[in-house]
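Assemble the complex: chain A is given as a structure, and chain B must be docked to it using the hints.
2 protein chains.
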Amino acid sequence: MSGRILVVGLGPGNPDQVTPEAQTALAEASDFFGYGPYLDRLELSPGQTRHASDNREELSRARAALDMAAAGRTVAVVSGGDAGVFGMAAALCEAIESGPLEWCGIDFRVIPGLTAMLAVAARAGAPLGHDFCAISLSDNLKPWEVIEKRLRAAAGAGFVLAFYNPVSRARPWQLARAFEILRDILPASTPVIFGRAVGRPGERMAVTTLDEARADEADMATCVIVGSPETRIVERSGLPPLVYSPRSAGRPAR
Amino acid sequence: MSGRILVVGLGPGNPDQVTPEAQTALAEASDFFGYGPYLDRLELSPGQTRHASDNREELSRARAALDMAAAGRTVAVVSGGDAGVFGMAAALCEAIESGPLEWCGIDFRVIPGLTAMLAVAARAGAPLGHDFCAISLSDNLKPWEVIEKRLRAAAGAGFVLAFYNPVSRARPWQLARAFEILRDILPASTPVIFGRAVGRPGERMAVTTLDEARADEADMATCVIVGSPETRIVERSGLPPLVYSPRSAGRPAR
Chain A
498 MSGRILVVGL
508 GPGNPDQVTP
518 EAQTALAEAS
528 DFFGYGPYLD
538 RLELSPGQTR
548 HASDNREELS
558 RARAALDMAA
568 AGRTVAVVSG
578 GDAGVFGMAA
588 ALCEAIESGP
598 LEWCGIDFRV
608 IPGLTAMLAV
618 AARAGAPLGH
628 DFCAISLSDN
638 LKPWEVIEKR
648 LRAAAGAGFV
658 LAFYNPVSRA
668 RPWQLARAFE
678 ILRDILPAST
688 PVIFGRAVGR
698 PGERMAVTTL
708 DEARADEADM
718 ATCVIVGSPE
728 TRIVERSGLP
738 PLVYSPRSAG
748 RPAR
Chain B
498 MSGRILVVGL
508 GPGNPDQVTP
518 EAQTALAEAS
528 DFFGYGPYLD
538 RLELSPGQTR
548 HASDNREELS
558 RARAALDMAA
568 AGRTVAVVSG
578 GDAGVFGMAA
588 ALCEAIESGP
598 LEWCGIDFRV
608 IPGLTAMLAV
618 AARAGAPLGH
628 DFCAISLSDN
638 LKPWEVIEKR
648 LRAAAGAGFV
658 LAFYNPVSRA
668 RPWQLARAFE
678 ILRDILPAST
688 PVIFGRAVGR
698 PGERMAVTTL
708 DEARADEADM
718 ATCVIVGSPE
728 TRIVERSGLP
738 PLVYSPRSAG
748 RPAR
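One line per chain: the protein sequences are A and B, in this order. For the first sequence, the working numbering assigns the number 498 to the initial residue and increments by one for each residue that follows. For the second sequence, the working numbering assigns the number 498 to the initial residue and increments by one for each residue that follows.
Derived by calculation from the structure, the hints in this document are not laboratory data. Treat the hints loosely; a few may be bogus.
Ranges between beta-carbon positions, derived for each pair [as the list claims (entries may be wrong)]:
1. Ser542(A) with Asp681(B): 52 to 58 Å
2. Arg674(A) with Asn637(B): 34 to 40 Å
3. Ser686(A) with Ser499(B): 26 to 32 Å
Values in this document were obtained by computation on a predicted structure and should not be read as measured data. A virtual CB, placed ideally from N, CA and C, is assigned to each residue, including glycine.
Extracted from the complex, chain A is given alone in its bound form (with noise of 0.2 Å):
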């Protein structure tokens, strides 16, 4: 008897910002599977168990919500924001793709959910109105040069880029080495957003510009938006300012 996989989705941490969707597949399900502090989001009812796991043990944490899954429980596996960005949907895949022939036929079902930097980039304005990167500055997974490659292709083309997972205890220079290699292409004006903790308590939001920007702003619960040459600051007396990126590109300055 094979149960389900249900991945979903919590949104960026305010709880009105989890779609009724992700609401009515947690309510459904028996085992709760994440990173700790994704959990402690949910009110678990006394039927419903929690298996709690570290941050970076994302495949056997997916290994064992399809154990479960096999054995014919409903299992939630959580991520904040969305879990097929940057989440715990690819790990699933992985898993299956790599697992025994009996989790390919899993119920399996990706519940999605509000990423940050749709989060971030609402709370400034519309910094992501034009075509964008989403890009993780983690070379835990894959090589630095293999990031400093995409820097380059993106931000010189025009995209606009938002960054996830852009520092950390145990890599604590990657955001500052972004910004100079962004230094070299794009103009000092660049707008650059910093949105901590948007929607839940703590929240920080923090608009500047490329020459000015500091990687100490931003700590592991940050997305950073770094405009494109065409993202404008519009200033506002008495209210923060508006961010961005307007719907024409590539055109003679209007």
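Just chain B now, kept in the frame of chain A:
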């Protein structure tokens, strides 16, 4: 007296994917601006007024909404998906920047929503599980050469690509040309996903490879995702395949 502007993303179309935050904002508004088919999704109450406009009139729609907010109304401007991703939020920022000074003082809030690529990706597995770009294939507001440059840069650097506005009656050849360009850069076996009207009546998902991808699979309601060289298809007997982009990238073959 100044009112408010609430810019609301309605998600891909499944009502269960509208966040409670968006629902609350919609309940507070007196006037609703947007493209007709998006306004059709709302159930307005007697005191709420609908101001529908056509598809390509974003800037004049934004100005009309700001005018009404400046007169003291609570105005919702709706987009499908996320209003910050190729939606109305950027048009509103542009209108604020270029409009009368008093518009800068209007209480302006963007409520994020699930953008189409997240819903399509969730249905397919985890194709956006690693670095990716979102790019509009519409050359209404940018020259086609800019789009070609961005396609080459992003695909060449290993990003997964999500295409918005892949095709329309007025833009019949752009997606086929994009596939042509990508065939010079990416392996023939690169996975391609067509996700049409995901979560709505008429949903259709198709997974193929770059050498077999045909532009006429897509229409205006389709989001197309093209994998990176690392993106994988996991065949499952009796179930649709899973498509995912591994968390690790750019390492020697596993």
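Hint check:
1. A hinted range of 52 to 58 Å for the beta carbons of Ser542(A) and Asp681(B) is consistent with their spacing of about 55 Å.
2. The supplied range of 34 to 40 Å is met by Arg674(A) and Asn637(B), whose beta-carbon atoms lie about 37 Å from each other.
3. Range check, Ser686(A) to Ser499(B): Cβ separation about 30 Å, and the 26 to 32 Å hint holds.
Hint compliance for this structure: no hint is broken.
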